[in-house]
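Line order of the protein sequences matches chains A and B. For the first sequence, the positions run 1 to 167 when the working numbering is used. For the second sequence, the positions run 168 to 798 when the working numbering is used.
Source of the hints: derived by calculation from the structure; they are not laboratory data. As the structure is a computational prediction, the values presented were derived from the model and not from experiment. Just so you know, not all the hints are guaranteed correct.
Sample of chain B residues at the chain A side, in silico, Cβ under 8 angstroms [unchecked claim]:
id: 1; residue: A231
id: 2; residue: A234
id: 3; residue: D260
id: 4; residue: G450
id: 5; residue: I457
id: 6; residue: K491
id: 7; residue: V493
id: 8; residue: G577
id: 9; residue: G579
id: 10; residue: P615
id: 11; residue: R633
id: 12; residue: E637
id: 13; residue: T641
id: 14; residue: W719
Ideal placement from N, C-alpha and C gives every residue a C-beta, glycine not left out.
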Amino acid sequence: MVINLTQPMSDPGLPVFRAISSHLTGYSEVDLEGTGMLTDYFTTLMKEQDHEGIRLFLLKAEEILRLHLSDAIEPAIIRHFIELPATASRPNTPFDEISYQGLAQRITILWYTGVWTTMNWLGKKSQPDRTAVISARAYQQGLIWLTAQTHPAGAKQPGYGSWSRKP
Amino acid sequence: MKDTEYDAVIVGSGVAGAIVAKTLTDDGKKVLLLDAGLESGMALEDDRAYQMQMSYLDRFYKAAAKAPNSPFPNLKNAPSSDVGEAMPVEMMDPNTGYFVQKGPLAFGSDNWVGPGGTTQHWLGTALRMLPNDFQMQSMYSRAVDWPFKYLDLRPYYEMAEYEIGVAGEVKDQQLPNIGPDYFSDGYVFPMEKIPQSYLDYRMLAKTQDLPIDIDVGNGQRLKHTIRCCSTPQGRNSFPNKNYKFKGVTWDRQARKLTLIAADSTYQPVGSLWDDDIGQRCEGNASCVPICPVQAKYNALKTIKRAKVRHPRLLDIQSQSVAYKLVIDPGSKKIDGVKFKRYDSEDKRTYTEGVARGTIYVLAASAIENAKLLLASGAAKSSDQVGRNLMDHMCFLTWGTFPEPVYPFRGPGSTTNISSFRDGDFRSIHTAWICPIDNWGWGWPSFSPGSNVTKAVMEGDFGQKLRQKLEHDLTRQVLLHFECEQDPQPENRVTIDSKYKDRIGNYRPVIHYDASNYVKEAFRIAKLVSDQIFKVNGITDRSSYTLDQAAYWEYQGNGYTSRGAGHIVGTHRLGSNPGTSVVDPEMRTWDHKNLFLAGCGNMPTLGTSNPTLTMAALAFKSAEAILKQLEG
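Only chain B is shown next, with the shape it has when bound in the complex (with noise of 0.2 angstroms):
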């Protein structure tokens, strides 16, 4: 007998499971929610939700390293993998950690398997992708194009700012090659833009509309015209009094969804223990790993949201693994999602069951995604699944200001420089979104401690210690080249089973280069980024070694790549079942009633940091979905 109880089963709390369960129950659905994650975690309201923020807070404080998963517990029923782990490859140990890194370069990203996913230690830059993102293939000959298009997308891209909760300002959007319908008729994000920070502002007095000039080699010039906006973010301000909308319904008679237009001002969404905490961001200056006030969005807010309005439709089941899908022979749906339920964090005890519902989606991350996927053997007629994995290669370029501009302040970015986003140059190297950070040299070089390390351990102390901190630490600055990541098929997570974790889940296996499309990126960006030094008077004091996780060279110079967290394209969405794992709805080519939901589904990355594209994804599988429900 098929025990169908609910309409659907997902898997994942993080943003994209928690958008779907949200519309779908506001729809009157009923839905499980599977999450990996510590049933303590999953503390929505109130005093449970307020003394899980203070243990995620208390185990930030007393991390040596903030590296983005430090407030927060790894399971070894449910690991997640560790930045601090990275190093090159060959020094790695493939029997510990959570990823087994076989390069030849470390991938050097993260994510949170937990309750609200990644979104626990996102940074919260919330960007639309741009319109030729979507058309590479057809406009540079690189990659692949999209099934849609940007105004396809766009819809669902503003109930994505509605459910974050993003600020921003439309008219500082000056992208290239976006267009007038980049942003509907008197668009405006629901809430003002976050304040661009003092640093933004003294690296602005000469960046800003910069012109470069620059031999790039080969009888080569390249000419351009820089170009800074501010960033749209994930984090709450004041709401914008032009704002239109209120919430997202399904409308039956059109079978789709719409945004709910409104009758009064936004209200920001504050803290899950208390509403009044978080309307604003107060500058921690910590959003990654972890916002202590909540004004930054996080993926709970969107199931809170679910819960407290339909308690009885959304059942949510804690500390349940999913390890593998039941496939009908026949029919090829998917009958079942077999879960391994561990009794605690410290024992590795645990009954098997299995959720079953009319729709599965998975939604745990293009890793945890791909690696279910393969080890129930779905999805796999295109043999593109584990495959085509990205993240923006980050190339990092610090540096010493010639007077204080006091990083270590506000939130890690305010400001970007956008110019390099889209360009006939994309036929040559990738493109590149380069945030101007706020925080130092924390990134590449763990200041503000390792600077105190350092001077103590060059024999300074008292007076002149101080002296010298203050006005080395006051100085630094920090950019990072976001480049665009091409897709590649070798690129790519795979299981083995000489490779599990303590309750038997495989780990992934991850193989990961850069291209040269890349490469060239990187060597075109340190160009760009000397010119812009060069005109603010700032030192460069950036160094890329052989010791550093990810580093190569090319064309007789060094580079170091780190990652962004961004990981993507493991099941990309396509309009051709030989070559993508889902249809332009995000349902699986090979089974009718699966539908996969997250950075997965990208088949490319763009140069925007991709959670907002894919809740507005989420928005658009979550309409298929009910589509396919209704009939």
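Isolated chain A, as found in the complex (with noise of 0.2 angstroms):
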């Protein structure tokens, strides 16, 4: 076996995007790590968005997480990744935040639902929208059924009987 050491063994990005991803999900990092997506989920990202924009994004998630206490993280995720650019609190969004617009929430429905969206809430249109589950594991792993405390609907089925019963 030739091992191509010109290829990192592991992306950096993606402790950071786990870390992230929990505060996003409101799951721990196990749970994420359980469902066996977090690095179809990242290669996901890679495909999707530009990198300039992945860049920054996990730059400042970086940042963010730094902060350690949940109470601070939590504004500077409002702050940097939520908040919309128009709202009179913040008339003028920073340069380098405008290219990563939107994409916290694109990665919390991704966890949730499976579903890549290029749906742009955020009020900027450049390509009509495109919403796709992303394969058949996503849409069975996605965080939704768990969070509902039932099963994806067609697969890991709780057997005969189980909806007769409470959860």
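Put the two chains together into one complex; each comes in its own frame, and the hints tell you how they fit.
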């Protein structure tokens, strides 16, 4: 076997992606890893989003995560990833943040539903929206099913009569 | 020279065609089954059947909208409609999609053209019609009477329940005005009832026997006691040890079909690829559009039984789209079915052929049967072909239960409100059945996915998002009032040479509207729903808006109707050749050797999901075909 040493063994962005995903979804990093989708979603991100945008997003995420305390992290996430650019409190979005506007939301939707959407609810529209389930596994591993205290429709079936009991 | 190779040529492999094929081959008749779908889909056994199911499932998982046809290929050479296309008629482009919708309302139901037909995506609800459904004109001066009564159809219902494998509880079926002979003495369903859901029990606590007394306007009050019952379903549970039958056979002496007495316990029919799989419903909560383990009946199970028992009597020819009947100008008998057999899914190339038999049976769905008859100029003497298109017009109400009821589990519905299925009100508004749904707001608002998008768009993330979703999703409840549509001659399927598919076959042109008889039912249903929501503490979240496909305003309020997928009525049976297309045995009045099978035969719809009635009628017509073949 030949190991290509020019390729990094793991992407340094992955731990940051995992950690910020945990804050975005409300699920622990272990829960997220347990879906088996971490690498797939990171790859989806790299494929779907411009790389400069991702780089800046992860840099900002890293900066936010360094705050450590969750009561500091949350407001920072809101300020940098969630707030709409045109709110009264922030009439001007910093230039570097424009490149990843909506990305945190897309990542959250991806974890919950397995769907990647280019939908831009921030008011700018350059291309028609595209919304797609990225894979059969992604659908089945959506966090939404666990959140709703059930299982993905059509998979991981809980067995005869399970529906007649409280979960 | 007349080449009569087959006793019968059957067009369509759904439940109606499958039952006729099986019944005829069981009596030694030679049958050709023409199917428009892909050859690969006609996989009846072992690994091929398993691989086919896996490909359907994979397509379902990846579909952005899990619509009824989402797991199945929509073929350009044999298209199916897609409810996802439905929108207000004026917004639809007649040059796209399959149905050409002329309105004024959009027709919001689909069927699937392919192996097993729409039983691939049906929910599995297997209800008999009620006695008064067969005599709407004499009882309520509405619609038409059937040419026979409920009791005449009862033996065939029993055959249908055997063939489909219905799980249910007879004593739960306390239905309005059914009389003591609705079930025959000592009758039980083949399998025990499917357990009712936790959500059902929470709803039943305050809804069962709820007295209603409401002002419905015009100085009238509605007094009613709500009754709910468990829903019989075509999905596997535990065999009922007291079930008495093991099959259906042609009794030569008596010249009729009879059920065969069983000497051992009923055996549920498992999946096509492994009979040990699918012996019980496993709670996949995806019956529509696909049961992954095939615990839910589909027509390929019937075709498989026929093919395994009689490999040389049943020929199945796939990828063959019937497009015209050959009519003998003298005798008016059918002399062949012309078909186009396409080469592959991707290519538009095909070869033409003619299938010949003694008897012809069209079992291609209410819409496809009508289309084929119209394209052939067949059965036209009453001018009823394509007319009286009906569906259950569904009025949905949804809300938030005060506590978690844990939807998105189990079969789509396991309990229904049955007390409005018949009553004197039918002279004023239509009857309805109201299933209590187990899948949250999935139908009206694409939950749970849409809840995520909405919450995220509103700025929620992290723990707050997770808690909000859990709170909201576990409390979702949905009722849908399936209102019986009355037959209207102008609700119809027609054809127009302007609109054809890729290989030159007609696309159905659909004219569709709701009568005030139905609209009044929607109005009353909302008042009833309000009462049910009130006593249960449910916060109403229903909304009906102009941009929805079938929206109307009636007496100052807006309502949206949704299709049930119960497409019936386009070639109704009757006792009068002037007002019906087929006779009570489902033989066309105009062509002695042409039988029609399927929901198109139904003169009225009642409040039952029509599959079980279609199956019962298929046995009845198979019996008539055997009589005719045996002289």
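Quick check: which numbered hints come out false for this structure? 2, 3, 6, 7, 9, 14
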